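Visitor: So the protein sequences, as listed, match chains A and B.
The working numbering applies: residue 317 is where the first sequence begins, and numbers increase by one.
The working numbering applies: residue 3 is where the second sequence begins, and numbers increase by one.
Among the hints, erroneous ones may be present.
[Unchecked claim] A few chain B residues that face chain A, going by a derived Cβ cut-off under 7 Å, partial list only:
{"no.": "1", "residue": "T160"}
{"no.": "2", "residue": "Q163"}
{"no.": "3", "residue": "S167"}
{"no.": "4", "residue": "L173"}
{"no.": "5", "residue": "L178"}
{"no.": "6", "residue": "F194"}
{"no.": "7", "residue": "L209"}
{"no.": "8", "residue": "L407"}
{"no.": "9", "residue": "H408"}
{"no.": "10", "residue": "P410"}
No lab work stands behind these hints: they were computed from the structure.
Treat the numbers as computed from the prediction; the structure is a model and nothing was measured.
Cβ atoms here follow ideal geometry from the backbone N, Cα and C, with glycine treated the same way.
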Amino acid sequence: MDLKPATPNERRQYYREEWDVNDIPEFIRKTLTQREFGFDHMGRGPNDRYRVFQNTDYLRKFMRYRTPFAAYSSVAFYHKPRRRDGWIKAELVFDVDAKDIPIRSCGCENVCEICLNQAKDIVHGLIDTIQGDLGLSDIHVVYSGRGYHIRVLDDKVMGMDSDVRSQIVKYLVGSDVPRSEYSSHGMKYNLEHFTVPFGYPQVFTDRVKQALLNLNLDTEIDEVSKDIKKAVIKHRELLSEDQWGLFRKEIGPVRYARLVKGIASLNLTLVDAKVSIDLKRILRLPSSLHSGVSMKSTLIKNLETFDPFQDAVPKFVYERKD
Amino acid sequence: MVSISFLNPLSPEGKDIVRELGSFEGISDDIPELRRLVTRNPSQEIVDDKEIPSNYLELALKRIEWYIKKKHDREFNSRRYSFLSDYSITKYDVISFYLLCQAIGVKFGPNSRETRVMVEAQGDLIQERMGKLSIQESRLMVDQSLAMLLHDDMVHWTFFQELLSTRKIRLTELVLDNGELILNEEDFLHRFGSRIKHRNPDSMYQLLIGDELKELIMVKMIMQETEDYIKQVHEKARVMVEPNPILLELADEVAEVLAEPMQHYGYGSGRSGGPMKAGPLNPLAFPPCVKKALEGIKSGGRNDAIVLFMTPFVSYARLYPDVFRMNITKRVSDQDPQLQITENEVLPLIYEAAQRCVPPLFDDQPQEKVNINAKLGFGMHSTLKMEHEGETTWYTPMSCEKIKLHLPHLCRPDDVCKKIGNPLSYYNRRIWEVMNLDKEDSDSEDNPSSNNVDNIQNSDIQNSDIENSANNENKNSDDSNSGEG
Numbered sequence: 317m318d319l320k321p322a323t324p325n326e327r328r329q330y331y332r333e334e335w336d337v338n339d340i341p342e343f344i345r346k347t348l349t350q351r352e353f354g355f356d357h358m359g360r361g362p363n364d365r366y367r368v369f370q371n372t373d374y375l376r377k378f379m380r381y382r383t384p385f386a387a388y389s390s391v392a393f394y395h396k397p398r399r400r401d402g403w404i405k406a407e408l409v410f411d412v413d414a415k416d417i418p419i420r421s422c423g424c425e426n427v428c429e430i431c432l433n434q435a436k437d438i439v440h441g442l443i444d445t446i447q448g449d450l451g452l453s454d455i456h457v458v459y460s461g462r463g464y465h466i467r468v469l470d471d472k473v474m475g476m477d478s479d480v481r482s483q484i485v486k487y488l489v490g491s492d493v494p495r496s497e498y499s500s501h502g503m504k505y506n507l508e509h510f511t512v513p514f515g516y517p518q519v520f521t522d523r524v525k526q527a528l529l530n531l532n533l534d535t536e537i538d539e540v541s542k543d544i545k546k547a548v549i550k551h552r553e554l555l556s557e558d559q560w561g562l563f564r565k566e567i568g569p570v571r572y573a574r575l576v577k578g579i580a581s582l583n584l585t586l587v588d589a590k591v592s593i594d595l596k597r598i599l600r601l602p603s604s605l606h607s608g609v610s611m612k613s614t615l616i617k618n619l620e621t622f623d624p625f626q627d628a629v630p631k632f633v634y635e636r637k638d
Numbered sequence: 003m004v005s006i007s008f009l010n011p012l013s014p015e016g017k018d019i020v021r022e023l024g025s026f027e028g029i030s031d032d033i034p035e036l037r038r039l040v041t042r043n044p045s046q047e048i049v050d051d052k053e054i055p056s057n058y059l060e061l062a063l064k065r066i067e068w069y070i071k072k073k074h075d076r077e078f079n080s081r082r083y084s085f086l087s088d089y090s091i092t093k094y095d096v097i098s099f100y101l102l103c104q105a106i107g108v109k110f111g112p113n114s115r116e117t118r119v120m121v122e123a124q125g126d127l128i129q130e131r132m133g134k135l136s137i138q139e140s141r142l143m144v145d146q147s148l149a150m151l152l153h154d155d156m157v158h159w160t161f162f163q164e165l166l167s168t169r170k171i172r173l174t175e176l177v178l179d180n181g182e183l184i185l186n187e188e189d190f191l192h193r194f195g196s197r198i199k200h201r202n203p204d205s206m207y208q209l210l211i212g213d214e215l216k217e218l219i220m221v222k223m224i225m226q227e228t229e230d231y232i233k234q235v236h237e238k239a240r241v242m243v244e245p246n247p248i249l250l251e252l253a254d255e256v257a258e259v260l261a262e263p264m265q266h267y268g269y270g271s272g273r274s275g276g277p278m279k280a281g282p283l284n285p286l287a288f289p290p291c292v293k294k295a296l297e298g299i300k301s302g303g304r305n306d307a308i309v310l311f312m313t314p315f316v317s318y319a320r321l322y323p324d325v326f327r328m329n330i331t332k333r334v335s336d337q338d339p340q341l342q343i344t345e346n347e348v349l350p351l352i353y354e355a356a357q358r359c360v361p362p363l364f365d366d367q368p369q370e371k372v373n374i375n376a377k378l379g380f381g382m383h384s385t386l387k388m389e390h391e392g393e394t395t396w397y398t399p400m401s402c403e404k405i406k407l408h409l410p411h412l413c414r415p416d417d418v419c420k421k422i423g424n425p426l427s428y429y430n431r432r433i434w435e436v437m438n439l440d441k442e443d444s445d446s447e448d449n450p451s452s453n454n455v456d457n458i459q460n461s462d463i464q465n466s467d468i469e470n471s472a473n474n475e476n477k478n479s480d481d482s483n484s485g486e487g
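Based on the provided sequences and hints, a complete structural model is requested.
Guide: Below, the structure is given as structure tokens:
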């Protein structure tokens with residue numbers, strides 16, 4: 317499918333014939349008056365900001381008449397959203413953009429089915445950790461047009477500041493190599509991350525596995541030579557059976573340490589951390605059109621079965637003549 | 003038997019001791035019993051009788067002095083402070099702890115260097131004291147303390163919000179399951195036992211959680227409570243009448259003890275004291291991230307790299323490299339009254355970096371020049387004019403932590419990076435080395451290797467006083483939050 321931009325006419329058609337204000341997820345509609353809205357009318361970034369809608373009808377009319385290039389709403393809730401003042405709390409958000417996945421197996425220019433699927437796998441992993449380790453709920457996944465937004469509305473975390481959020485990001489993506497040396501009663505012991513089947517070491521192991529299985533010779537990793545990458549590719553089937561000890565032995569312990577360190581620092585770009593730590597971010601409005609690629613930003617009901625090329629394509633794309 | 007208040011003076015036992023004392027009356031009177039306890043301690047080394055604390059106030063100062071000397075004095079002798087780990091001084095120690103917190107709270111407030119030192123000193127002191135206990139004793143103490151601090155058997159990790167926010171603990175250090183922090187052995191075995199293969203679950207518990215993690219959480223929580231207490235005192239003092247002069251005097255003395263290392267031991271890389279003076283920029287001392295940004299940003303993040311990262315770094319490095327140590331907010335014109343240096347040295351370097359971006363930043367985004375002026379404190383205007391100064395704040399340089407998140411492709415740490423938390427601290431550390439090297443070079447011109455900056459051996463003196471305050475970052479990210487890309 318060709319991901320080309322939508323014309324002004326197509327935008328108009330979308331907002332007048334296809335889009336319904338009730339397609340906006342309930343978690344946004346019911347907090348409408350506390351959120352700031354922003355719009356991009358010309359395709360040059362969201363510079364029409366500080367908009368507030370007193371009810372969905374005003375928003376509906378605005379979208380129908382202005383048919384914006386892009387629409388956004390704040391992850392933050394404010395007492396005075398018009399002035400972005402009186403911050404109450406903010407959703408905890410993770411932005412997985414298929415274009416920016418650090419280790420992509422497809423090598424495409426923009427986004428394609430392969431990297432979008434890879435993004436989906438990453439999202440699955442992150443959600444498992446958000447629920448299983450961090451014990452959070454009220455999680456919504458939105459297809460953004462080029463990737464996925466995970467939006468957590470659990471009150472346990474919505475009041476947290478940027479510093480805590482940055483710690484959460486690091487935990488979820490596995491950006492610190494877990495320590496392997498432990499001591500007890502004066503004795504030193506070695507426990508590699510893959511021998512600990514729970515907690516952060518397990519998260520780290522999962523993320524490293526995901527990266528190694530997708531790695532190719534062109535993947536640039538700090539201080540990791542082509543030889544190491546070749547060895548990884550040669551032996552990585554061991555990882556499918558979780559034979560980590562053998563895998564490490566094949567790579568060599570020193571080179572293995574360098575490899576996981578490199579991957580840990582790449583992991584930091586699995587999500588766009590800026591989005592997660594920004595307490596006043598505006599985020600693409602689910603149900604709105606991503607005009608750059610002519611796709612609908614879509615709230616996902618079932619991530620397993622969601623297929624962006626089926627479920628997020630606006631009608632006008634099928635009606636295109638060329 | 004050791005009292006819990008010896009580790010945590012804010013515990014109910016500790017509060018009882020304060021209540022018993024009642025008032026400030028007689029607070030500076032001699033306490034012969036305290037002197038006796040100190041001199042009686044078998045591991046105590048006494049060089050001069052004046053070193054023996056003889057009242058609460060002197061004991062309070064000894065606590066701070068111990069910490070400062072331990073950190074900065076190469077000739078530090080721990081035996082001269084043995085009494086600090088002797089639990090028979092508990093009731094005096096608790097009072098001196100409260101005096102310190104109150105003095106610092108009243109005079110300096112919670113965001114001061116004095117508070118940071120007090121909180122860190124308390125953390126170190128607890129660890130020092132724990133180290134002197136038997137394993138059984140220390141386990142008992144940790145369990146009792148934690149029971150008191152955590153209130154409940156099951157604790158959700160979000161309970162540690164404050165500790166995480168101040169980076170006293172890292173989320174990745176905790177063992178979590180379903181949001182709950184796992185500390186108890188039975189709980190651990192119940193949840194993870196069946197998953198553990200080829201290893202003994204009991205010993206895995208001992209290694210991953212055991213004494214170490216519990217102790218860490220206890221220490222950090224007491225540190226946080228200490229910080230919170232100082233904050234409370236500060237807030238109360240603001241609405242109350244005159245503080246007790248004894249506290250103000252003690253606060254001044256604390257400040258004196260803290261000033262000492264600057265005079266005697268020097269800060270940073272073994273350099274010989276004195277404040278960091280502003281001077282011409284020396285690119286040899288730039289950290290790797292700045293060097294990389296100067297080479298030009300090729301892909302996304304050009305604006306952030308130039309406006310949010312380079313502008314504060316270059317301006318502070320040139321005009322006010324001491325900002326974190328001084329902890330005093332200034333304006334550009336305080337350091338450069340005619341704005342000549344800013345116009346002729348600071349802006350050109352920033353513009354050069356912008357020009358090297360691909361595509362050159364100002365080609366498609368000329369408005370970023372205005373944003374650069376804004377980050378220098380001159381409002382949203384296209385030229386630097388004194389009348390606009392103060393409309394915005396002069397942004398302090400981003401910490402390494404923030405750079406890793408915002409501009410991960412710039413962060414290629416070298417050995418010096420491991421010792422600092424902010425690129426400006428890197429610059430301050432290296433500029434001394436580079437300058438000394440220049441000097442050496444001119445002293446002995448037949449030494450070719452001394453010109454090679456990479457050959458410099460880094461001194462291992464702790465520099466944490468400087469970079470810890472680097473946490474003081476601009477929280478107002480209003481104008482930097484664009485929409486999702």
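Visitor: Of the hints given before, which are not true for this structure?
Guide: none
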